[in-house]
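*Asks:* Letter by letter, the chains look like this.
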Amino acid sequence: GAGVSQSPRYKVAKRGQDVALRCDPISGHVSLFWYQQALGQGPEFLTYFQNEAQLDKSGLPSDRFFAERPEGSVSTLKIQRTQQEDSAVYLCASANTEAFFGQGTRLTVV
Amino acid sequence: AQSVTQPDIHITVSEGASLELRCNYSYGATPYLFWYVQSPGQGLQLLLKYFSGDTLVQGIKGFEAEFKRSQSSFNLRKPSVHWSDAAEYFCAVGFNAGNNRKLIWGLGTSLAVNP
Chain V
18 GAGVSQSPRY KVAKRGQDVA LRCDPISGHV SLFWYQQALG QGPEFLTYFQ
68 NEAQLDKSGL PSDRFFAERP EGSVSTLKIQ RTQQEDSAVY LCASANTEAF
118 FGQGTRLTVV
Chain G
6 AQSVTQPDIH ITVSEGASLE LRCNYSYGAT PYLFWYVQSP GQGLQLLLKY
56 FSGDTLVQGI KGFEAEFKRS QSSFNLRKPS VHWSDAAEYF CAVGFNAGNN
106 RKLIWGLGTS LAVNP
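Sequence lines, in order, name chains V and G.
If you're matching positions, the first sequence starts at 18 in this note's numbering and goes up one per residue.
If you're matching positions, the second sequence starts at 6 in this note's numbering and goes up one per residue.
Chain V with its partners taken away, still in its complex shape (with noise of 0.2 Å):
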């Protein structure tokens, strides 16, 4: 497709469950930033990627949040033992030059 895909677009999960949120940047951006929107706020900065290579993870709220992006392309963002506050909506953007965004993984844990 044109833009970044993210999936599933809903998640429910269970406190204590694992989690893995996808996302399909544009066919060539090096660039891949993860966002964690809560409601009501902002995105907040998660992970950032040039290509394969995860440059800067400062934003990883706890060692339970894991991301990836094996080959360069398509990128994995895990959350082990999800615990209520997780409760975000999740954006994954890709970039050359100007950032491309999905629509985002809402996350709700019960």
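It is worth saying that the hints were derived from the structure and are not from the lab.
A virtual CB, placed ideally from N, CA and C, is assigned to each residue, including glycine.
Errors might be hidden in some of the hints.
What the hints assert, rightly or not - Here are a few chain V residues that face chain G, going by a calculated C-beta distance under 8 Å:
#1 P60
#2 F62
#3 E115
#4 G121
Go by the hints and put chain G onto chain V.
*Replies:* The following block gives chain G in isolation, referenced to the frame of chain V:
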């Protein structure tokens, strides 16, 4: 630390009226500046950006923004608002940390448009 402030949480305007959404940033150097719009159920869409040069930038959907270095501001304007402009608007600041162009975001301004 870098920060972005959008002082207005919620604004209501009448259709056809002019609009100005405020954005102030805190950063030691001139950053990259962006305005995004987010409609319900939609992804973030870039309205316009400022990197350098002319401080008045034109964007999509009739929006414009002016960078004022002395005020550390990048306010978004539109001369005549349409009902379809109702959405959440985010100001964001980018800076280079090496090749990392991560964005720092404001909390957003929710725009409602009365018919």
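*Asks:* Work down the list of hints and note, for each, if the structure agrees.
*Replies:* Consistency of the hints with the structure:
| no. | hint | in the structure |
| --- | --- | --- |
| 1 | P60 | 5 Å, holds |
| 2 | F62 | 5 Å, holds |
| 3 | E115 | 6 Å, holds |
| 4 | G121 | 7 Å, holds |
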